[in-house]
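Protein sequences appear in the order of chains A and B.
Numbering of the first sequence is given in this note's numbering, commencing with residue 1 and proceeding in unit increments.
Numbering of the second sequence is given in this note's numbering, commencing with residue 434 and proceeding in unit increments.
Check each hint, because a few of them may be wrong.
[To be verified] Derived lysine-lysine pairs resembling DSS-like cross-links, with alpha carbons at most 27 Å apart: (1) B/LYS492 - A/LYS424; (2) A/LYS225 - B/LYS503; (3) A/LYS413 - B/LYS503; (4) B/LYS492 - A/LYS145; (5) A/LYS225 - B/LYS492; (6) A/LYS424 - B/LYS503.
[Claimed, not checked] From the structure, some residues in chain A lie toward chain B, with a derived Cβ separation under 8 Å: (7) GLN79; (8) LEU201; (9) GLY251; (10) VAL253; (11) ALA262; (12) LEU263; (13) GLU396; (14) GLN403; (15) LEU410.
Derived by calculation from the structure, the hints in this document are not laboratory data.
These numbers come from a predicted model, not from an experiment.
Glycine included, every Cβ here is placed at the ideal spot set by N, Cα and C.
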Amino acid sequence: MATRSIVAGFTLCVIAAGGVVSAAHGADFDWQKFHGKTVTFLANNNPVSQALLTHKADFEKLTGITLKVDTYQEQQMRQRLVTVMNAHSDEADVFMTLPSREGAQFAAAGWYEDLTPMTKNEVAPDYDYAGLSRALLTAATYSGKLTSMPMNIEGPVLYYRTDIFKKCGVDQPKSIADIETAAKKIKACDPSITPFVSRGLKPALPYTFSNFLHNMGGSYMVDGKSALCTPKGKAALDTYSRLLRDYGPPGVVNYSFPQISALYRAGRAAMDFEASNELRTVMEGGERLQDTALIPLPPGDGGQVPTAIGWGIAISAYSKQPEAAWYFVQWATSPTVQKMMAVQGIAPPRSSLANDPDYRKWIDEEPVRKQWQAALDVLAAKGASEVGYPIVANPESREFIGQAVQDLILKQKTVDQACADADKALNTLIAQK
Amino acid sequence: MVALETAVIREGETSGQNQQRLELAALSAPAVLFTIGMIAFPVVYTVWLSFQSFSSTGKQSFVAFGNYAKLISDNEFWHGLWVTLALYLLSLLLQLVLGVWLALALFQAERLSGIVRSLFISPFMMPPVVAGMMWLVILDPSLGAANYILTSIGLPSSDWLASPTWVIPTIALIDTWQWAPYVALIVLGGLQSLPPSVYEAAQIDGASPFKTLQRITLPLLLPTIVTATILRSVDLLRFFDIIYITTQGGPGNASNTLNIYGFRAGFEFFNIGYASALMLTLTTIVFGAVLAFNRLRGAVAW
Numbered sequence: 001m002a003t004r005s006i007v008a009g010f011t012l013c014v015i016a017a018g019g020v021v022s023a024a025h026g027a028d029f030d031w032q033k034f035h036g037k038t039v040t041f042l043a044n045n046n047p048v049s050q051a052l053l054t055h056k057a058d059f060e061k062l063t064g065i066t067l068k069v070d071t072y073q074e075q076q077m078r079q080r081l082v083t084v085m086n087a088h089s090d091e092a093d094v095f096m097t098l099p100s101r102e103g104a105q106f107a108a109a110g111w112y113e114d115l116t117p118m119t120k121n122e123v124a125p126d127y128d129y130a131g132l133s134r135a136l137l138t139a140a141t142y143s144g145k146l147t148s149m150p151m152n153i154e155g156p157v158l159y160y161r162t163d164i165f166k167k168c169g170v171d172q173p174k175s176i177a178d179i180e181t182a183a184k185k186i187k188a189c190d191p192s193i194t195p196f197v198s199r200g201l202k203p204a205l206p207y208t209f210s211n212f213l214h215n216m217g218g219s220y221m222v223d224g225k226s227a228l229c230t231p232k233g234k235a236a237l238d239t240y241s242r243l244l245r246d247y248g249p250p251g252v253v254n255y256s257f258p259q260i261s262a263l264y265r266a267g268r269a270a271m272d273f274e275a276s277n278e279l280r281t282v283m284e285g286g287e288r289l290q291d292t293a294l295i296p297l298p299p300g301d302g303g304q305v306p307t308a309i310g311w312g313i314a315i316s317a318y319s320k321q322p323e324a325a326w327y328f329v330q331w332a333t334s335p336t337v338q339k340m341m342a343v344q345g346i347a348p349p350r351s352s353l354a355n356d357p358d359y360r361k362w363i364d365e366e367p368v369r370k371q372w373q374a375a376l377d378v379l380a381a382k383g384a385s386e387v388g389y390p391i392v393a394n395p396e397s398r399e400f401i402g403q404a405v406q407d408l409i410l411k412q413k414t415v416d417q418a419c420a421d422a423d424k425a426l427n428t429l430i431a432q433k
Numbered sequence: 434m435v436a437l438e439t440a441v442i443r444e445g446e447t448s449g450q451n452q453q454r455l456e457l458a459a460l461s462a463p464a465v466l467f468t469i470g471m472i473a474f475p476v477v478y479t480v481w482l483s484f485q486s487f488s489s490t491g492k493q494s495f496v497a498f499g500n501y502a503k504l505i506s507d508n509e510f511w512h513g514l515w516v517t518l519a520l521y522l523l524s525l526l527l528q529l530v531l532g533v534w535l536a537l538a539l540f541q542a543e544r545l546s547g548i549v550r551s552l553f554i555s556p557f558m559m560p561p562v563v564a565g566m567m568w569l570v571i572l573d574p575s576l577g578a579a580n581y582i583l584t585s586i587g588l589p590s591s592d593w594l595a596s597p598t599w600v601i602p603t604i605a606l607i608d609t610w611q612w613a614p615y616v617a618l619i620v621l622g623g624l625q626s627l628p629p630s631v632y633e634a635a636q637i638d639g640a641s642p643f644k645t646l647q648r649i650t651l652p653l654l655l656p657t658i659v660t661a662t663i664l665r666s667v668d669l670l671r672f673f674d675i676i677y678i679t680t681q682g683g684p685g686n687a688s689n690t691l692n693i694y695g696f697r698a699g700f701e702f703f704n705i706g707y708a709s710a711l712m713l714t715l716t717t718i719v720f721g722a723v724l725a726f727n728r729l730r731g732a733v734a735w
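So that you can see chain A by itself, here it is in the shape it has in the complex (with noise of 0.2 Å):
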């Protein structure tokens, strides 16, 4: 008894003290108002997470929360949240969502906790709400609710070997067809060497292809029906598949971001399509650091429309403690804590950390991050989030997507053969409510 009331007291004296502390600055919010409850953040080990959860002790330290984390490769970590949703349970009071896969389909089924009110009336003063990327905001917002907090911007970009191109006699590629004029130079110049490597993998491909799909003017939907057998489909499709089966590695039908990056990283392919996240990866020893230029996806008949998503943080609509949540997803995307992951090259979804003194110190230090900047700001400001059709059942979509590019990389069908099976499928797809 007597322990307790030390404690109760001992917690009333922090609680005080964290009052004393927020109306020191001039606003009535209490970053310690959750003190001693605890939080159950189901994150998915990538590096965003890895990155954010480097300060974990600083949330705890500030809020009094207890931070309790559970963390899962991403396909399993899904597969854990359908099963808690499916549940109704509160085991999971905040979740990593990608709002361009699954937004439409958690939504419906009511999985997010609408975060507008808390956005509103529960932000610490210096949270910035305004400067948090606008596209992103409304990519994660359904019938008017919002659904989960930008953590970060992402999409795939093109690293290539400069040292392999001077050599080859090959200049940055201008447009797509550029791309496969110098895979083609390069396979000649040196056969040891992959001349282009992307995702082959079949639920994996559709965030690289789409970039592929709009660059070439395409889109996955047109007048409600799938438009992959439409003239620009085709060529989308065409060409996306065949710089991997012409001009990839052997069993790049394998091959998604953990087999890229390591091909990349071993100095045996000159060009790589992959996620702007994965610049630690490729950059890990420093062997390609010298020798590496990035640039966005060059344009085709379309112009350049890079993919631009990110991956959001949300409160679940079954726990039982949204407000406490509210606050760790306030902390893990707020200025503070994304300039400090900005450093660990989690490309921040807000503009106004681009301009900060200590992220340029960061950028300026190696060309390559200079590089890496810009093609984010070309993602943020040109950028679209349409990976696979923007329709509820969208991860079963980029099956259907994945399957026309396997069958063409594969030789199993011919691009009209491999584009109608698909539409057939997906328009089917499309018309399930």
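Once you've looked at the hints, dock chain B against the given chain A.
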């Protein structure tokens, strides 16, 4: 008088037996409840789920046998069934042949050192995820050791897991690497329990080693081999882990077994009802196979 006494004794016996039964029932109640809770309930719940349809937003409706009707007209289901059976038969054959061969070789060896024995059982002690990751690296067509070895001895390289033609044999080989030693251990146990008198008789009759193997060892080993077959069949028909780690059912759908298909339908695409129908069909197949092999075991017992 005597009759009456007997009746009284019998009555006493009956009530004693009844009480004993009650006690036994009470003692087994936790196990029964556990079985109902952990096995019967999930199965019944899955049956119920298989009669439901879930929209991609999670709204459900009763469709009776709709999911099963969809299954019959679903090409991917038939393809999955074919992949499951092909992988099953190929892996089983490889594992039985190699397992029996290994067991015979080990039986000849008088004494096995601890290191050899540990090495021997290490593949199936390894978590399938670790085995899958390890083989994924070894078999990578660009960076892996397998192609390096092939090309350095002048053989053409292979796409292994990335080739729609070779993916099933490759997965069967990985599984055989992992589980043939297990089959060998079971068969070795069987070999050690064979009666020596039969062999002595064969020796006296002047039977050649091959004839002894063909006419004595293998027939006497059949019950053990059938046991190993049952154990491997249950695992192989619901093959999942190594495929999920290495190919996720690809390239294309070349290694999309029923179990992988059902898992993805349920957990990635939210079609819980259809996934339940798929899984129940698979369960029926596994159950049927086990029943058939159990019959066979009865037939070959000696």
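Results for each hint:
1. B/LYS492 - A/LYS424: OK: B/LYS492 and A/LYS424 at ~24 Å, within 27 Å.
2. A/LYS225 - B/LYS503: Measuring from Cα to Cα gives roughly 23 Å; hence the hint holds.
3. A/LYS413 - B/LYS503: 26 Å, holds
4. B/LYS492 - A/LYS145: This hinted pair holds, its Cα atoms lying about 20 Å apart.
5. A/LYS225 - B/LYS492: Distance ~24 Å between A/LYS225 and B/LYS492 Cα, so the pair holds.
6. A/LYS424 - B/LYS503: Holds - the C-alpha atoms of B/LYS503 and A/LYS424 are around 17 Å apart, at most 27 Å.
7. GLN79: With Cβ-Cβ at 5 Å, under 8 Å, it holds.
8. LEU201: 7 Å, holds
9. GLY251: At 3 Å from the nearest chain B Cβ, A/GLY251 passes the 8 Å test, so the hint holds.
10. VAL253: 4 Å, holds
11. ALA262: A/ALA262 check passes; min Cβ-Cβ to chain B is 7 Å, inside 8 Å.
12. LEU263: 6 Å, holds
13. GLU396: Holds: closest Cβ of chain B sits about 5 Å from A/GLU396, inside 8 Å.
14. GLN403: 6 Å, holds
15. LEU410: The hint holds - A/LEU410 has a Cβ within 8 Å of chain B, the shortest such distance being about 6 Å.
Hint compliance for this structure: no hint is broken.
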